[in-house]
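Enquirer: Chain by chain, the residues run as shown.
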Amino acid sequence: MEDIATIAFYLGVVAYSVAATLFFLELARREGGAVRAQWAPRLLALGGALHAVHVVTASLLSKVCPIDSLHFALSFTALIAVGAYLLLRERFRLYALGAFVAPIALTFLIGAQFVGQSSDAVAGVSRTLLMFHIAANVLGVGLFLIAGAAGAVYLVQERRLRTKKHVANLGTRLPPLDSLDRTTHRLLLAGFPLLTFGVVTGAVFTHQLTAGSGADSLRTFLGYATWILLAAVLVLRETIGFRGRKTAYGTIAGVVCMLLVMLLYAVRSNAGASL
Amino acid sequence: MIVVVGLSHRTAPIAVREKLVLEPDTLPDFLRELVQSPEVGEALLVSTCNRVELVAAGRAGFDSDLEQVAKACVAALAARAPDIAPHLYAHRGGAAVRHLFRVAASLDSMVLGEPQILGQVKEAYEIARRAGTVGAVLHRTLPRAIRAAKRVRTETAIGSGQVSVPSVAVDLTRQIFGDLSGHVAVLVGSGEMAEAVARLLKVAGASIIVVGRTLSRAEELAQTVGGSARPWTDLKQSLCEADVVVTSTSAPHYVIDYEMVNLARRARRGKNQFFIDLAVPRDVEPRIEELDGEFLYNIDDLSKVVSETLSTRTREAASAEAIIGREAEGYDRWADAEQATPTIVLLRARLSAALEEELNRSLRGKLKHLGADDRAALAKMLESAVNRLLHQPTIRLRQAALERASDSLSLEQLSSAISELFFFEAESDAPSNPENMPPEADSPSGPAPELPSQARVVASRR
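Chains as they are written, first to last, in the working numbering: chain A, 1 to 275; chain B, 1001 to 1462.
Treat the hints with care, as some may be off.
[Claimed, not checked] Cross-link-like lysine-lysine pairs, in silico, DSSO-like; alpha carbons within 30 Å at most:
#  : chain 1 : residue 1 : chain 2 : residue 2
1  : A       : K164      : B       : K1271
2  : B       : K1368     : B       : K1380
3  : B       : K1019     : B       : K1122
4  : B       : K1150     : B       : K1304
5  : B       : K1236     : B       : K1202
6  : B       : K1202     : B       : K1304
7  : B       : K1304     : A       : K164
8  : B       : K1150     : B       : K1122
9  : A       : K246      : B       : K1236
10 : B       : K1271     : B       : K1236
11 : A       : K246      : B       : K1271
12 : B       : K1304     : A       : K165
13 : A       : K165      : B       : K1202
14 : A       : K164      : A       : K246
15 : A       : K246      : A       : K165
16 : B       : K1202     : B       : K1271
17 : B       : K1271     : A       : K165
18 : B       : K1236     : A       : K164
19 : A       : K164      : B       : K1202
20 : B       : K1071     : B       : K1019
Simulated from the structure, these hints should not be mistaken for lab results.
All chains should be built: construct the whole structure from the sequences, respecting the hints.
Expert: The structure is reproduced here in structure tokens:
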């Protein structure tokens, strides 16, 4: 079992790496060039499958539920992002977004190896509620990662069209602006209820845990900031037509806050505290 | 080898080119008539608005007198329109092959890298094939030309981007909106280029609204492009509905200003809007670009994209020429190897005939008790024997055809020796049909595969 987990991990790293390289080559290639990207999504899917095998076998090996440890939760988040991208890729023509998703998946897969391995439930906190809290956050973060990547590509594409530079060279390899905007919005809509649940349950835990450190307070603050930023993006879109570049900036800001929360979790987990 | 005879935009102005128009209905008869001549054995005609070219091979295949074939082609074309004779060019042999490859790859086109020519070459090949005027030489040459052209298109950026202002405008629209189905394009004013853009947008799935100062003219234009017309007073309302606005009026001032666009933007709740300003002086106030979600390209911006694309294509032409050079060299090598074919065919016929004669004699005598299965097995065994015997000579003859080294025997010397040894002079009427071709050189003992005669020759080289 250990061998399977290790082999799946290394093969997953290779598949993600090659997929990321092919996605970038596709972005960088001249139109009509010889490099073709049909292998990139296949390798990303293969990487995702190996990643899943790694998560399942490794968690069985260490007898830890995949979402009960930061190590696996981070890894699982990347898996959700890969799955969401592969599902939405054809529908919204998000071909170029793979150049962002594959490196994110690779980073999370490898990065999770350096985070504390497992955790025990915090005393005084409902274990079931904690599981739901983590599951909602993991799913939400996976969707928001794609939304953030779509927002970043939107800004690149929008700037290119606005400055009128390289519009002939890059051709139609980047997704259309409207597709990117729609993707960002729909992923935010899908992830927001999960995030809200995560924030609410997080607030319950904060209330139950009396002796919080400065890092815990900062993490709580950033969690609320993420929720407020993404809520603002969604509400302003519905009320005053806040979309396009502003949506992209708002989403990226929210995702950055969210990543900082995860970073603080990782730091705390490595320092030996529980999840 | 082949000849290419014709005229193109490089040698003849349109006034001359339009005299040599061959209707598609009459083309098969023209080609059949041409291959009836004593010199021409195969022919096809590539006819586009920028060129009319006859690609032909002689009746004697690779040993034809290309000068005579070219003369026959010139005569055939000049008979259609005598005035064109001074504008005709003729390429022969390797030069003709390179020219055909360059034409198919659109390196000789008026618009470098345009994609239509490859389809036109394929169509010309198909018409000639159906007319029965394509033989062994053209059957080997045209696929190679098409392959070379495909390589050029896939391995270089020769066909990248758009090279006309209307196409660039629609390409940019797609980069903003993606699929244009369900999107609304408003055409303000008239003008040829604006009309062309509107047509392309319509084909891409957009709904067209034409707004004009004179409603009757707007209606007329709307009918032409397949849209609906609105009076000038509806311009502001139309802007609220428009995803794409194409302007081309002759007004001396801006007809769409910052305030109008800002109001429309609010009504559209910030949705992206693309303005294509084709007018000089400009119709749309440039300040609208400061607004989020508003994109504006004027005629200069679009022309810059066109010239950027053309520069890219020109840079890529060098790589494309290199590919064509390599493909043409490959063709030359194949054509050189083809020179060994007659000798190989005769040698095989001679050996097969001798063995068959001996076999038949035995089957009538000592082996007459053999059944049908045994007889078939014997025949197969002898065929395998011929294949084995001819394996090395076939390879050696083809090598001799390809090599030009002075320290080895030439193809002529080897052929002469074989003729001398096997008395070919006395039996020069030996059949030169596919049955007498050797099998693939790499499988000396296997049965000869079911390939056309010329295909077998090439297969043996691979």
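Enquirer: Against each hint, give a clear statement of whether it holds in the structure.
Expert: Each hint, compared with the structure:
1. K164(A) / K1271(B): 20 Å, holds
2. K1368(B) / K1380(B): 17 Å, holds
3. K1019(B) / K1122(B): 24 Å, holds
4. K1150(B) / K1304(B): 28 Å, holds
5. K1236(B) / K1202(B): With Cα atoms ~22 Å apart, K1236(B) and K1202(B) stay inside 30 Å; holds.
6. K1202(B) / K1304(B): Status holds; Cα separation ~24 Å.
7. K1304(B) / K164(A): Satisfied, since the Cα-Cα distance of roughly 9 Å is no more than 30 Å.
8. K1150(B) / K1122(B): 12 Å, holds
9. K246(A) / K1236(B): 26 Å, holds
10. K1271(B) / K1236(B): 16 Å, holds
11. K246(A) / K1271(B): Within the cut-off at roughly 12 Å; holds.
12. K1304(B) / K165(A): Holds - the C-alpha atoms of K165(A) and K1304(B) are around 10 Å apart, at most 30 Å.
13. K165(A) / K1202(B): Satisfied, since the Cα-Cα distance of roughly 27 Å is no more than 30 Å.
14. K164(A) / K246(A): Roughly 20 Å between the alpha carbons, so the hint for K164(A) and K246(A) holds.
15. K246(A) / K165(A): OK: K246(A) and K165(A) at ~22 Å, within 30 Å.
16. K1202(B) / K1271(B): Since the Cα atoms of K1202(B) and K1271(B) sit roughly 21 Å apart, the hinted pair holds (cutoff 30 Å).
17. K1271(B) / K165(A): 23 Å, holds
18. K1236(B) / K164(A): Distance of about 27 Å is within 30 Å: holds.
19. K164(A) / K1202(B): 24 Å, holds
20. K1071(B) / K1019(B): The given pair, whose Cα atoms are some 20 Å apart, holds under the 30 Å limit.
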